[in-house]
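S.K.: Take a look at the letters that make up each chain.
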Amino acid sequence: MRVPRLSETEILIASAISGKELYGLQIVDEVLALTRGKRRISLGGLYTTLHRMESKKLVTSRWGETVDDRQGARRRYYKIAGLGARALSETERVLGPALRLAHGMAGGR
Amino acid sequence: MRLARSMKSEFIVLGEGAYGVVLHVKHASRRYHVAVPSRAWNRIKHDHRSREDIVIAVLVSPHARHLADIELAVYPDWLNTAAFFVPKTIREPWLGDLREDRKRMVAAGCSRRTILWATLTQIVLLALHAAHHTLLRIICAVTRHAG
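Top line first, the protein sequences correspond to chains A and B.
With numbering that gives the first Met the number 0 applied, the first sequence covers 0 to 108.
With numbering that gives the first Met the number 0 applied, the second sequence covers 0 to 146.
Just so you know, nobody snuck in bad clues.
Each computed DSS-like pair below joins lysine-lysine, with the alpha-carbon atoms no more than 25 Å apart:
#1 A:Lys55 to B:Lys44
#2 B:Lys87 to B:Lys102
#3 B:Lys44 to A:Lys78
Hints are computed from structural coordinates only; laboratory data are not their basis.
Given the sequences, and given the hints that come with them, work out the whole structure.
M.R.: Have a look at this one:
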């Protein structure tokens, strides 16, 4: 199966949920922590991207519990699927060396 | 209760009320406001919430309370109105997270105006993202068809 390319938001979300199962607000916090406060994803952007990633089979989800603060709305937990993990490592394999090279060239000037 | 069949049925969660989770139920071109205890509501899987037999089961359940006046049924919350315009696929988790985030902001001591602006920004961003997502899907479908 062809591994799909990931957008920046998809890379951030996939990195946040790789190896753990998180719900919306936890993903927003995790992305904020991963980027050291430089990227904050809106809930709207998060859920439209997660919906797209789920339809591409990059992530899987399940319904969780409801708490008082949510007024009856349940949490939805997301975790990375096999294809999503492959797409993430492929992105790292392709972009990692290119970014390091560009960073080295910029530093050499 | 006698209900006509073979029409589209579904629930929309309006919020938590004095009697449990308050639902707006569409069934056989009629609309009902029903409150069910949270425990009963949580047992229903999301995939089943548009299934006619599940809708009927909830409507006739002894646990459900039929509420004539929605003002009495649900705590006033303008977010409930805004939720009607949110795509159904992401409505429940998005709205729940937004409410949880508002509670967090209250706990953090943010002013009412800040919380209102943050909520409005989230709604506008969702609308923009949803429009962008739909536009991309249409373009992809058209170009695939043309190609």
